[in-house]
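Engineer: Here is how the chains run, residue by residue.
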Amino acid sequence: MIAMQNAYSSRKKRGPGNIMVLLILVIAAGFTLFPIYMAVLNSLKTDGEMLNHILALPTSLTFANYSDAYHKIDFLRSFWNTIMITLIGVTGIILFASMAGYKMSRTPGKLSQFFFAFFVLSSLIPFHSIMITLVKISKELHVQGSTYGLGLIYIGLGVALAIFLYHGFVKSIPRDLDEAAVMDGCGELRLFFVIIFPLLLPITATVAILNALWMWNDFLLPLLMLTDSDYYTLLISTNMLFGEYNNDWSAILASLVLTMLPIIVVYLLLQKYILSGIAEGAIKG
Amino acid sequence: MNLSRKNKQSIILLAFVLPSLLFYAVFTIAPAFGGVWYSLTNWNGLNPTYQMVGFSNYIEALGNDPYFIKSIGFTLKYVIVMVVLQNVIALLLAVLVESRRRSKVLFRTIFFMPNMLSLIIGGFMWVFIFTKVLPVIAEKTGWLLLDQSWIGDPSFSFYSIVILSLWGGVGYQMVIYIAALQGVPKSLSEAAAIDGANSVQNFRHVTLPMIYPAVTIGIFLTLSTSFKVFDAVFALTGGGPGRSTQVIAINIVEEAFRFNQRYGYASAKAIILFIIVLLITMVQLWIMKRREVEA
Numbered sequence: 001m002i003a004m005q006n007a008y009s010s011r012k013k014r015g016p017g018n019i020m021v022l023l024i025l026v027i028a029a030g031f032t033l034f035p036i037y038m039a040v041l042n043s044l045k046t047d048g049e050m051l052n053h054i055l056a057l058p059t060s061l062t063f064a065n066y067s068d069a070y071h072k073i074d075f076l077r078s079f080w081n082t083i084m085i086t087l088i089g090v091t092g093i094i095l096f097a098s099m100a101g102y103k104m105s106r107t108p109g110k111l112s113q114f115f116f117a118f119f120v121l122s123s124l125i126p127f128h129s130i131m132i133t134l135v136k137i138s139k140e141l142h143v144q145g146s147t148y149g150l151g152l153i154y155i156g157l158g159v160a161l162a163i164f165l166y167h168g169f170v171k172s173i174p175r176d177l178d179e180a181a182v183m184d185g186c187g188e189l190r191l192f193f194v195i196i197f198p199l200l201l202p203i204t205a206t207v208a209i210l211n212a213l214w215m216w217n218d219f220l221l222p223l224l225m226l227t228d229s230d231y232y233t234l235l236i237s238t239n240m241l242f243g244e245y246n247n248d249w250s251a252i253l254a255s256l257v258l259t260m261l262p263i264i265v266v267y268l269l270l271q272k273y274i275l276s277g278i279a280e281g282a283i284k285g
Numbered sequence: 286m287n288l289s290r291k292n293k294q295s296i297i298l299l300a301f302v303l304p305s306l307l308f309y310a311v312f313t314i315a316p317a318f319g320g321v322w323y324s325l326t327n328w329n330g331l332n333p334t335y336q337m338v339g340f341s342n343y344i345e346a347l348g349n350d351p352y353f354i355k356s357i358g359f360t361l362k363y364v365i366v367m368v369v370l371q372n373v374i375a376l377l378l379a380v381l382v383e384s385r386r387r388s389k390v391l392f393r394t395i396f397f398m399p400n401m402l403s404l405i406i407g408g409f410m411w412v413f414i415f416t417k418v419l420p421v422i423a424e425k426t427g428w429l430l431l432d433q434s435w436i437g438d439p440s441f442s443f444y445s446i447v448i449l450s451l452w453g454g455v456g457y458q459m460v461i462y463i464a465a466l467q468g469v470p471k472s473l474s475e476a477a478a479i480d481g482a483n484s485v486q487n488f489r490h491v492t493l494p495m496i497y498p499a500v501t502i503g504i505f506l507t508l509s510t511s512f513k514v515f516d517a518v519f520a521l522t523g524g525g526p527g528r529s530t531q532v533i534a535i536n537i538v539e540e541a542f543r544f545n546q547r548y549g550y551a552s553a554k555a556i557i558l559f560i561i562v563l564l565i566t567m568v569q570l571w572i573m574k575r576r577e578v579e580a
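Protein chains in written order, with our numbering: chain A, 1 to 285; chain B, 286 to 580.
Heads up, a few of these hints could be off.
Computed list of lysine to aspartate or glutamate pairs in DMTMM-like fashion (alpha-carbon distance at most 25 angstroms, straight line) [to be verified]: (1) A/K72 to A/E244; (2) B/K471 to A/E280; (3) B/K293 to A/E179; (4) B/K291 to A/D184; (5) A/K136 to A/D228; (6) B/K293 to A/D176; (7) B/K291 to A/E188; (8) B/K417 to A/E179; (9) B/K293 to A/E188; (10) B/K513 to A/D230; (11) B/K355 to B/E345; (12) B/K362 to B/E345; (13) A/K110 to A/E179; (14) A/K136 to B/E539; (15) B/K425 to A/E49; (16) B/K417 to A/E49; (17) A/K110 to A/D178; (18) A/K136 to B/E577; (19) B/K293 to A/D178; (20) B/K425 to A/D47; (21) B/K574 to A/E280; (22) B/K291 to A/E179; (23) B/K291 to A/D178; (24) B/K389 to A/E280; (25) B/K362 to B/D350; (26) B/K362 to B/E539; (27) A/K139 to A/D230.
Hints listed in this document are in silico derivations from the structure and should not be mistaken for laboratory results.
Using the sequences and the hints given, assemble the complete structure.
Structural biologist: Below, the structure is given as structure tokens:
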């Protein structure tokens with residue numbers, strides 16, 4: 001019986017249907033990778049070579065485009081700015097949302113229900129409806145136009161979803177733990193930071209991934225907030241380059257590759273966690 | 286004694302919620318109310334003074350602003366195409382990827398990769414493909430269809446925006462569908478296969494009903510994100526040529542920040558966008574949740 005099943009399944013595996021499936025997947029993968037492949041390929045060619053042999057492999061590797069792009073987008077500074085914004089935003093969201101989500105989930109009563117509803121309702125508000133006033137408020141609070149300011153704004157925009165995720169996750173942690181700790185004379189803050197917070201690690205990873213991806217790739221908010229080139233993020237610098245040197249594809253492609261490279265490396269290293277984090281966030285959010 | 290215990294609990298709750306509440310109130314709730322307030326004024330963003338003008342911004346936007354109306358129409362067309370294509374392709378890819386044994390991780394990794402990149406980056410790469418690479422391929426293969434003005438010709442730029450959006454967005458939907466497919470018990474489809482169901486019947490009558498909640502989420506997400514599309518259009522066409530690809534979000538940003546500085550008027554348009562998204566997603570959820578119960 002088992003042998004029959006094996007024979008059946010291995011025959012099925014080699015059947016025409018399976019080759020069709022593989023063919024479709026390979027074509028779709030080719031379509032997905034094509035722009036990235038073309039960008040990398042042509043960023044390594046000289047201008048003349050790119051114009052005449054756009055599809056061919058480069059005859060010799062030219063890295064001049066990269067040093068050109070590196071200076072034009074002020075790579076180190078833009079990279080640093082992007083990291084700082086993401087770091088401030090993600091850290092703040094994890095810290096504040098885990099505290100709020102945990103306590104609201106643990107405290108029965110109207111007040112905590114009210115807070116929860118208040119946070120969750122905002123997931124309905126689209127960014128476009130608040131951006132105009134957000135610019136004005138940020139100006140008045142002097143958080144407009146700087147990396148740390150942008151990080152703080154991201155905390156305000158991102159805590160609600162994170163609270164929702166933490167709130168749901170805390171239910172899976174037994175209350176006995178809290179009670180035992182309190183019995184032993186543990187204070188509220190120590191209970192949270194020493195005992196509860198480490199147990200939240202799986203959902204903290206999800207929150208960190210979702211928010212880091214969002215902040216790293218967000219374009220409209222930095223575009224509206226950043227006016228001083230000292231504070232440009234990678235995306236804003238690249239956008240400026242694209243606007244200024246519309247036809248200088250060598251530098252543009254090199255800057256695109258420079259900007260993509262860190263994310264793709266991180267993705268390939270952590271893809272298991274990232275994909276499960278995305279699925280988790282999408283289904284619960 | 287009892288009351289003071291409850292009070293103490295409330296104070297601790299407040300202490301834990303306060304940091305979140307503060308940031309959230311300043312950067313989300315206050316701007317949301319501010320948006321509604323300014324939508325009723327003629328504020329231009331610079332002048333400290335402004336007048337209340339009632340609903341005249343709304344009346345102008347919906348009654349006397351051909352570009353805004355056009356942008357709503359263009360966005361609707363985009364939303365419909367995206368909701369259908371994005372979900373159909375994502376579900377198809379999810380099923381095909383899940384049917385592979387050894388290569389599933391590889392394909393999953395590839396299909397999600399564009400999602401790690403901003404659509405601004407993806408958009409600039411696609412501008413290169415559309416303007417520089419496709420003409421060369423068309424010349425070499427004789428496929429003249431490829432040699433179009435994908436960005437400069439209004440009838441083609443719609444498709445270029447759809448292609449970029451699918452390229453960047455399908456992987457996300459696929460991950461949701463894969464998670465749902467993994468939740469379908471193997472025994473169900475095995476039982477159906479023994480009863481003589483072929484793989485298409487198996488998918489329609491066993492798998493699809495089981496993953497129906499994921500379809501609801503998938504359509505909800507594509508609906509709400511497609512209505513707000515900005516990056517893809519900004520990177521490819523910037524709304525042009527001649528405002529032919531102007532989606533609602535681009536129209537609002539231009540109204541407020543780029544040309545006109547009519548903050549009050551732009552706020553009214555943003556509120557209209559909010560109401561459209563809210564109404565349509567609520568109707569979608571209501572219809573699909575009802576079917577979920579039946580299925």
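Engineer: Hinted pair, alpha-carbon criterion (25 angstroms max): B/K362, B/E345. Please report holds or violated.
Structural biologist: Holds, at roughly 23 angstroms.
Engineer: Between the alpha carbons of B/K362 and B/D350, is the straight-line distance 25 angstroms or under?
Structural biologist: Measuring from Cα to Cα gives roughly 19 angstroms; hence the hint holds.
Engineer: Does the alpha-carbon distance linking B/K293 and A/D178 stay inside the 25 angstroms limit?
Structural biologist: At roughly 17 angstroms apart (the allowed maximum being 25 angstroms), A/D178 and B/K293 satisfy the hint.
Engineer: Regarding the pair B/K417 and A/E49, is the alpha-carbon distance no greater than 25 angstroms?
Structural biologist: Measuring from Cα to Cα gives roughly 13 angstroms; hence the hint holds.
Engineer: Check whether the Cα positions of A/K136 and B/E539 lie no farther apart than 25 angstroms.
Structural biologist: Roughly 17 angstroms separates the two Cα atoms, so the pair holds.
Engineer: For the pair supplied as a hint, A/K139 and A/D230, confirm whether the alpha-carbon distance does not exceed 25 angstroms.
Structural biologist: holds, 18 angstroms
Engineer: Would you check the hint for B/K293 and A/D176, treating anything up to 25 angstroms between C-alpha atoms as holding?
Structural biologist: holds, 20 angstroms
Engineer: Tell me if the straight-line CA distance from B/K362 to B/E539 falls inside 25 angstroms.
Structural biologist: holds, 21 angstroms
Engineer: Given the hint that B/K574 pairs with A/E280, does the C-alpha gap stay at or below 25 angstroms?
Structural biologist: Holds, at about 20 angstroms.
Engineer: Tell me if the straight-line CA distance from B/K355 to B/E345 falls inside 25 angstroms.
Structural biologist: Given pair B/K355, B/E345 holds - Cα atoms ~14 angstroms apart, limit 25 angstroms.
Engineer: Does B/K291 pair with A/E179 here, judged by a C-alpha cut-off of 25 angstroms?
Structural biologist: Distance ~17 angstroms between B/K291 and A/E179 Cα, so the pair holds.
Engineer: Take a quick look at whether B/K291 and A/D178 sit within 25 angstroms of each other, Cα to Cα.
Structural biologist: holds, 17 angstroms
In summary, the numbered hints that this structure violates are 8, 10, 18.
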